[in-house]
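Enquirer: Residues per chain are reported as follows:
2 protein chains.
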Amino acid sequence: MPHGSDILLSLFIVFVAAQIGAEIAQRLKLPGVVGEIAAGCVVGPSLLGWVQPSEALDVLAEIGVVLLLFSVGLETRLGDLRRVGRSAFAVGVLGVIVPFVLGSLWAHGSGFDWAKSLFVAAAFVATSAGITARVLQELGALQREESRVILGAAVIDDILAMLLLGIVSAMQSGESLPLGHLAVILLEAVGFVIVIALVGTRVMSRSSDWLEAPINPLSPLNIVLALCLGLAFASTQFGLAAIIGAFLAGMIASETRQRETLEHQTQPLLALMTPFFFVMTGTKVELTQLANADALLTLALITAIAIVSKLIGGFLGALSLGRRSALIVGIGMIPRGEVGVVVASLGLAAGVFSPRTYALIVAMSLLTAMVTPPVLANLLRRNPE
Amino acid sequence: MPHGSDILLSLFIVFVAAQIGAEIAQRLKLPGVVGEIAAGCVVGPSLLGWVQPSEALDVLAEIGVVLLLFSVGLETRLGDLRRVGRSAFAVGVLGVIVPFVLGSLWAHGSGFDWAKSLFVAAAFVATSAGITARVLQELGALQREESRVILGAAVIDDILAMLLLGIVSAMQSGESLPLGHLAVILLEAVGFVIVIALVGTRVMSRSSDWLEAPINPLSPLNIVLALCLGLAFASTQFGLAAIIGAFLAGMIASETRQRETLEHQTQPLLALMTPFFFVMTGTKVELTQLANADALLTLALITAIAIVSKLIGGFLGALSLGRRSALIVGIGMIPRGEVGVVVASLGLAAGVFSPRTYALIVAMSLLTAMVTPPVLANLLRRNPE
Chain A
21 MPHGSDILLS LFIVFVAAQI GAEIAQRLKL PGVVGEIAAG CVVGPSLLGW VQPSEALDVL
81 AEIGVVLLLF SVGLETRLGD LRRVGRSAFA VGVLGVIVPF VLGSLWAHGS GFDWAKSLFV
141 AAAFVATSAG ITARVLQELG ALQREESRVI LGAAVIDDIL AMLLLGIVSA MQSGESLPLG
201 HLAVILLEAV GFVIVIALVG TRVMSRSSDW LEAPINPLSP LNIVLALCLG LAFASTQFGL
261 AAIIGAFLAG MIASETRQRE TLEHQTQPLL ALMTPFFFVM TGTKVELTQL ANADALLTLA
321 LITAIAIVSK LIGGFLGALS LGRRSALIVG IGMIPRGEVG VVVASLGLAA GVFSPRTYAL
381 IVAMSLLTAM VTPPVLANLL RRNPE
Chain B
21 MPHGSDILLS LFIVFVAAQI GAEIAQRLKL PGVVGEIAAG CVVGPSLLGW VQPSEALDVL
81 AEIGVVLLLF SVGLETRLGD LRRVGRSAFA VGVLGVIVPF VLGSLWAHGS GFDWAKSLFV
141 AAAFVATSAG ITARVLQELG ALQREESRVI LGAAVIDDIL AMLLLGIVSA MQSGESLPLG
201 HLAVILLEAV GFVIVIALVG TRVMSRSSDW LEAPINPLSP LNIVLALCLG LAFASTQFGL
261 AAIIGAFLAG MIASETRQRE TLEHQTQPLL ALMTPFFFVM TGTKVELTQL ANADALLTLA
321 LITAIAIVSK LIGGFLGALS LGRRSALIVG IGMIPRGEVG VVVASLGLAA GVFSPRTYAL
381 IVAMSLLTAM VTPPVLANLL RRNPE
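Line order of the protein sequences matches chains A and B.
Everything in the first sequence is counted per my numbering, starting at 21 for the first residue and increasing by one.
Everything in the second sequence is counted per my numbering, starting at 21 for the first residue and increasing by one.
Heads up, some of the hints might be wrong.
A pair counts as met if it fits within one copy or between any two copies, since identical chains are not told apart.
Unchecked claim - Restricting the straight-line Cα-Cα distance to at most 25 angstroms, the calculated cross-link-like pairs of lysine to any residue (SDA-like) are:
{"no.": "1", "residue 1": "K49", "residue 2": "P234"}
{"no.": "2", "residue 1": "K49", "residue 2": "L231"}
{"no.": "3", "residue 1": "K49", "residue 2": "R164"}
{"no.": "4", "residue 1": "K49", "residue 2": "L238"}
Treat the hints as calculated values from the structure; they're not laboratory data.
All chains should be modelled from the sequences, with the hints used to inform the complete structure.
Expert: Structure below.
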């Protein structure tokens, strides 16, 4: 009974493209993730056209990045995060402010009115933790102090970016700024993260025997995966990215005594699912919209602004760790990845961006994601802790 | 950035429902899979309506059953299958003929003309290996002789069912039977299975060192998963179910020296993905179409025909193994599961079935899937090899 064979072919192509891309990248001493994103560009609509975007593939990609941040959470203890809390907070805040200011100045300078400029600038803001997390994990560097600062800052960054998007969206529609409402949203998001992190880790570190109560021999994994999906959903209800909830779920699970087994069992899940995230990220680059000198010049400019502004913000925020570490943190915060793509989609849907601006912002987001891994990997290798 | 939160909620509900259903079933000494299908009925559109069918969920379900049959293949050696080849062949052939004859007699008796009756009967034919495979795996019974006969017969069954569907579809449209064409289809499908099984296992058993050539530490798993997706797709191109290709991929991989590692790594993948298959199977039951005495009576009748006819066919085919083993094989062949659903959908789309007949055939397919696991589990426990 042939059914669903189209999607099976897409799954096969995406999966194999990821393996080939990662292998080539690693042989060139680049992080595997660069090869996976590049493979997505190649098999996607812009070049070969073998893989068309579809809802099903996007869902697989979402599951992939959720599992990835879950596994990163599994390697992160709340106590370690708290120890770097001050630096992470500074990195998160400055890493939002600097790109937002520079981004809106550029947008206004290139002809957008102020309300639209602020919306464009919002696309410069949000760091996508997935790309950096994958590089840190590939290099086994998740236990470094810089990694903890980056991960903590990514959570704060996401909360602030969410607020900012709320503000600039309200300004688009010409409404007066609902400051009281925004304060409630902020409190809810912060409260969600704090309550889940504190209560969750406390419950788990006291006793996790109940994870083994079910009959199913894989039950610790099953319960923890349910927690991961549940918190991923819950965090979207508080305006945060699904990966924030998944990261929290992993951090909670890292307090259990089954932690090592869980880390072990998560590896095959990542092997199957994360390629969909990185390859689908690559397929979203629209090369045709960028195939002229003018567009390429603008792309180079906004990518430079995006990189430099985030680097400055992160570097200044983390200066207390020393210059080298601050540089690593600054670089680690650069990737915008799929979060930039989401803001760009919102802007396109709201009529704020032209298709060309949309393509530029998406390409900028993905370029930052492509550029970061090799530089970060190089820096980490040269500066062992 | 809230995006895709609806689908995250669906994923969470399906996954948790599966865990709860499986747990309750196992506490009642039933196979977990029964609970997962029942959980699907409960959360699906017929009762709570928490989960609506969607393309993305269907793709996850497909990946789930593909991985399941892959892992069953991993526990199956070609040599073992060949040893039971004769019985498996007899079971496959008789298990198609008896249900087809009884099914078409019932359909004709209840008012369909002969051409339509044969189409209805096709829905009685195809065994769905997923349900039985899961029960055999849950009980650790995959190494029993009966299990091998069932798995071998499922492959033959699928080839014959595919041919039969080609024949009855052609008869619907009133074309003359394209016998030459059908012979080609048969030869291609048989050739595909034989070539893949023989060449694949020979290559792998000679040397599987190349599986570890890539840099990626999980590379044996990655390569073998790519093989699984590739053969799943390829088998649909030969008119066979995707799970046949996945089973062959697993069987090929079982010849490698990395077999045990692969078995180990496949477990978490099954834990994550197979619940989607069984829960989504359950959501497809349309209880509202069946909520009257007349429909329920017809349902009882056709389910009885489906069960008894397959049981007789399987039993007679496996008689050379002794009566008890033949009974186990006969029971193991009963589930129609999603294959019956596919035939029913084709019939609905071709205008051969009314929505009521469609609902009846779907319900019959799923009832056979619900009834089999407890009986099979009970028989296997009482008759240790």
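Enquirer: Decide, hint by hint, whether the structure agrees.
Expert: We went through each hint and held it up to the structure:
1. K49 <-> P234: Between. Shortest inter-copy distance 13 angstroms satisfies the 25 angstroms Cα cut-off; intra-copy 45 angstroms does not.
2. K49 <-> L231: between (41 angstroms within a copy, 21 angstroms between copies)
3. K49 <-> R164: within (21 angstroms within a copy, 48 angstroms between copies)
4. K49 <-> L238: between (37 angstroms within a copy, 18 angstroms between copies)
When each numbered hint is compared with the structure, no violation occurs for any of them.
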